[in-house]
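Colleague: Sequence:
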Amino acid sequence: MNIVGRLAFGFELNTQSQSTYRHIAAGIKARSAISSVYMSWPDLRILDPLITLLRPRSYESDKEKLYKSLRTMIGARMAIPKDAKHDFYAQVSDELDPQDLWVEAIMIVGAGGSTTATTITAIFFYLSRYPAAYERLASEIRSGFSSGREIAQGPRLNACTYLRAVIDEGLRLSTGTISNWRNQDAASIAAGEELVVDGHVIPPGTEVAINAYSFMRNAEYFPEPFAFRPERWLAEGGAESEGQREHRATMRRAFVPFSLGSRSCAGQPMAYLELNLAIARAMWYFDFEKAPGEAGKLGETPGQPLEFKLEDATIVGHHGPNLVFHPRGDSWKQLLEQET
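Residue numbers (my numbering): 3 to 342.
I should point out that these hints are in silico values taken from the structure, not numbers from a laboratory.
Each hint should be verified, as a subset may be incorrect.
Said to hold, decoys possible - Below, a list of computed lysine-lysine pairs in the BS3-like style, where the Cα atoms sit at most 30 Å apart:
1. 84 - 65
2. 292 - 335
3. 65 - 299
4. 311 - 335
5. 87 - 67
6. 87 - 70
7. 87 - 65
8. 67 - 311
9. 67 - 84
10. 65 - 311
11. 311 - 299
12. 84 - 70
To be verified - Taking CB as the label site, the calculated pair distances span:
13. 229 - 119: 19 to 29 Å
14. 199 - 333: 26 to 36 Å
15. 296 - 266: 14 to 24 Å
16. 238 - 303: 40 to 50 Å
17. 327 - 100: 38 to 48 Å
18. 279 - 303: 36 to 46 Å
All C-beta atoms in this analysis are idealised placements derived from N, C-alpha and C, irrespective of residue type, glycine included.
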């Protein structure tokens with residue numbers, strides 16, 4: 003969240019050290035919960051006043067706090083010259099009217115902050131449940147760098163192939179958005195064009211949706227689809243057969259955590275950089291494990307304790323996990339030195 007605030011509006015949220023703007027995550031969650039319903043059933047918006055009355059008051063309170071914070075961010079940025087900071091606002095402020103800027107702000111803060119946080123959280127969940135994956139990743143990071151300060155954007159980090167496999171597997175199992183919907187292009191509807199999908203004729207105007215959660219758990223594309231298997235993304239054990247190469251290519255085509263086409267996430271490179279840095283540095287500075295007892299079960303899917311539970315919404319929600327982190331020797335002191 004801190005990163006997206008800085009990149010979008012040059013605004014320092016400082017949520018790690020101050021509580022002032024920590025409510026933003028709750029506001030995004032409250033807004034996403036109902037917007038996903040309206041995206042799937044637009045006509046339901048007519049009942050929005052009634053739905054608002056029926057929802058817990060905390061939802062509306064969280065949304066209002068979010069909107070207030072966005073107004074503060076935008077207002078502070080508009081109070082200084084456009085080129086005062088190299089941020090999103092500087093790039094688009096001349097192209098967007100105030101209403102469009104507001105809409106984009108809501109989208110960027112939610113999509114750019116909560117989605118990456120969800121994936122990081124999920125990866126920690128799965129690593130704490132899959133010790134072999136944990137040990138292999140820890141070995142790659144701790145043998146590849148001699149100091150946490152060395153973990154930075156560049157070829158050495160890019161060479162951590164198992165780290166990338168862990169991230170891709172985390173994205174497959176916990177993409178930040180799982181409720182997707184599309185409708186036929188207006189010009190196509192006017193022309194009376196039909197859409198044919200796998201032999202099925204879809205009449206003009208029909209809304210067609212692909213749910214990313216189901217799609218990336220399809221056993222036809224991903225064997226053992228509910229298992230956390232980072233190695234599925236790696237070519238290991240010598241030369242691959244043509245069938246193995248074809249299957250890996252099929253997996254890549256079925257891998258859609260950032261959506262596809264014109265709606266594909268423009269922030270993919272940034273998301274991967276954040277994920278690489280956050281996971282690698284966490285593995286360098288800390289050991290961690292699932293919390294003991296009932297507390298450690300937070301985040302587990304009922305009946306599927308090895309699956310991280312996601313809440314379907316425009317931007318995915320979740321609870322947990324509860325983990326216990328242990329500093330590795332004195333390496334954590336580097337973090338304090340970096341702060342000063």
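Colleague: Of all the hints numbered above, which does this structure not satisfy? Sort the numbers upward.
Modeller: When the structure is compared with the hints, numbers 4, 14, 15, 16, 18 turn out to be violated.
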